[in-house]
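Q: Using the sequences and the hints, build the whole thing.
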Amino acid sequence: MSEPVLSVRNLRVEFATRRGILRAIDDVSFDIARGEVLGVVGESGAGKSVTGSAIIGLIEPPGRIAGGEILLHGKRIDNLPPEEMRRIRGRKIAMIFQDPLTSLNPLYRVGEQLIETIRTHTDLSPRAARDRAIELLSEVGIPAPEKRIDGYPHEFSGGMRQRVVIALALSAEPDFIVADEPTTALDVSVQAQIIALIKRLCHERGTAVMLVTHDMGVIAETADRVAVMYAGRVAEIGPVRDVVKHPLHPYAKGLMGAIPTLEAEAERLTQIPGSMPRLTRIPPGCAFNPRCERVFDRCRVEKPEPIAPDAATSARENLMPGHLVACHLYAAKAGGTP
Amino acid sequence: MLAFVIRRILQSIAVMVSVALIAFIMFRFVGDPVNQMVGVDTPQAEVERLRASLGLNDPTLVQFGRFLWNALHFNFGVSYQFRLPVTQLLAERAPATLELAFTAALFALLVGVVMGVYCALRRDSWLARVFQAVSLIGVSLPTFLIGILLIYLFAVILGWLPSNGRGEVVKFGNWWTTGFLTLSGLKALVLPAITLGLFQMTLIMRLVRAEMMEVMRTDYIKFAKARGLRTRAIHFGHALKNTLIPVITIAGLQLGSIIAFAIITETVFNWPGMGLLFLKAVQNVDIPIMAAYLMLIGFLFVTINLLVDLAYGFVDPRLRVAMRT
Amino acid sequence: MPSPTPEEVKGLVAGGQSGLIARLLDSDIYASFRSSWVTMIAAAIVLLCFIGAAFAPWIAPTDPFNPATVFLSDASIPPVWQQGGDPRFIIGTDDQGRDMYSAILYGLRVSLMVGGLGVLLAASIGITLGLLAGYMGGRVDAIIMRVADVQLTFPAILIALLIDGVAQGMFRGMSRETTAIPVLVISIGLSFWVQYARTIRGSTMVEKNKDYVAAARLVGLPTPIIMIRHVLPNVIGPVLVILTINLGLAIITEATLSFLGVGLPPTQPSLGTLISIGNKYLFSGDWWIVAFPGATLAILVLAVNLLGDWLRDALNPKLR
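Protein chains in written order, with the numbering used here: chain A, 1 to 338; chain F, 1 to 325; chain L, 1 to 320.
These are calculated hints, taken from the structure and not from any lab test.
Not one of these hints is a red herring.
Derived list of chain A stretches under chain F, where covered just means 3 residues or more per stretch with a C-beta under 8 Å from a C-beta of chain F:
| hint | segment |
| --- | --- |
| 1 | 85-96 |
| 2 | 114-122 |
Residues from chain A that keep clear of chain F, each with C-beta distances beyond 10 Å, as calculated:
| hint | residue |
| --- | --- |
| 3 | Gly-20 |
| 4 | Phe-296 |
| 5 | Ile-307 |
| 6 | Ala-331 |
Backbone N, C-alpha and C fix where the C-beta goes; we use that ideal spot for every residue, glycine too.
A: Structural data, given as structure tokens:
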């Protein structure tokens, strides 16, 4: 793999609240390469969206990045002055939000919002920017773009609005896009189209994507690699086939077991007992330990680091390299060398 | 759109008729209008003839119809105190009140919006806190107390500005008088305008602040930031435009209350406007003036409401569509 | 669902009165009260004003309305710290020789009484009409809300002035002393009821579709009983906030009317009347006659408003 487009190293995000400091992201690390799609899955509150906001530098007070670093093409961006970070936003890193109905300013024409964004990041003339905007709208599959460009957002359907949002995100040809549950608010029939669109456009441009979702189906179909998050930590990360077919972390296993498949229709879907702890009440040791079936003493005291699973497991499951899991079950056996 | 306009106009007329009904009831049943016009020694026959000539013996509905008809022609009868037509009394004093209200509204709107935007964007700065404190005091202090305070400071202690009257006025056309064209007129305007506008200013400031903070939390602002738009463009383009729509409504409606609140300011500053006339009418139970003033304010409010509603439609594209369908 | 904390459990188990107090002390509302010193000071000021008003006849050094103890020779004495001050009158005397401190205490009494009664009257009218409009719906609702709409187009002070003027016309010949307080209370009550009616109507319309109302109807309870015993307790909550915020407004309205000379007469002055009297002496340099009643009024209203703002925020979970 070439140098990653984006690296997140030991990222920690904290929110100061009246009831103390909440650690929303705890020691999260991952890399994304050019053209790669990294799926990020987990329950609501697991820290998926906060990770996205941290990368694009939009953590609002009382939240703050309390540790770690974020690197774009090997250069730190988490500590840049606001004005420099602003130039990167949209130009190098873009973001697509969950709800296309609220992502667009209702009082501005679609074209105005596009042209404004294009002209912020390039020195195109107003005319050229308008042509570019029409081109973008046609690329994202909006029919009659030269007419629709003067429409207001409320004149577009949900799916069409999300296409506009994608056009806006792509308007300055960023290297990296955070797509934060881009289809959750859409009709099921439109979801696949939008995902396919994101995938195609990013593939054509070599744009790296961090696709946040809780839809495992979308991940299985779209992502190259997948990270499973739980209570602000990465539980497991690896190539998508590996993680989906051979999940290692007990939580990931439970999560994959909850996907309905055609082959397994006779079986009941598995459930994970209990629910994710609130951020105020994360237990010591492994955050998953109270719900884990295979919990043992070490899990209650020592926080597991993401590690490559022990050789025996790797061989048995035929795992590919780059598969990491934060679970004491896969640590090299006690007494042995790692 | 047209259906919407017509519906709103019909509603406004309905409100005006109810206001007229109240004014009529006041006029007709609070105290006997005839007793106000005759002396104690007027013979009974004379009283009866006057009663008949005024139409006070007709059925109530007929009288109300006549009242409405007269009101449409700006005929509100004769003041009990001044023995002059009410319309003439009001018209003489209207320029003073309107100029004062206009200046106060302008002051309230400009300063209120600027302070509100500042407070929303620099929420934690010391100046924003000062503005916040001032606004709380502005809402809590009764208008007349603010007026007294300003008079004491700028007229009594410093002696910079006059404490009462309109200063020198210039006659303009047939009946309009303006204080805008002379130095003493402008100086006389400062304190009353601030006094009158302060409450609305704090209201607008709080509204702008709250609304803008709400807008800054919306997804489209987050998305605008994520696209790397310049802070200026986000604050003064996207956020301000969305903030000002609800503000237009409230500010427009406030214009009406400014004219009504002028009663207090005019009393404090002895400003020769309609409010002062109305207050004298209340003190002396001069019902024709009270009724006419009520109708006038009602008319202003209804008109402003109507205009604001229509303007709203032109500003907000979402409503434009809603009204078309 | 958040599980109850041990303290909450204790409170629930203990139940009854003590449980309620324990829960109150443990609640977020109390926590936010304790965490805001501004609110605590405001509460203290309001409490002080109420005590001062309630016990004015016992606290005040003199009775400013007893001609036997007021002497014209004491007129316009400045506060003690100024030259010509008199230790009998800490903050000076007015133009008729009345002790300002005593006059303010009695004025406070009148202001709070008129404001409080006015707000209570407004609330009673508003709650009754709101309940009727919300529960009955249809034509009753339409009429009440139309009236509310029309009234809402006019500022309260104008309505209060009109009512005051009309009332004077009707009570012609009766002395100002006997009619002033009832007229003011009615003016304030009729000027401020709309907000209560709208709030109550809104929540009543939600509540009346709930199962417990249907159940009460099935049991055959008469409509007034359902409205008062079952719906009312569930919709009355927000009224507390409006009451507090309106108290400040009502006090201002009364003071304004009195200042304008259509409220309380100088023989029975409220804070507004005192300010109105003092205003005449502003240019002669007798600043204390207007300054102290003015400051009292301002601080009282400010404190009440602060309390109201805090209460509104504390009860609004959206802002927390």
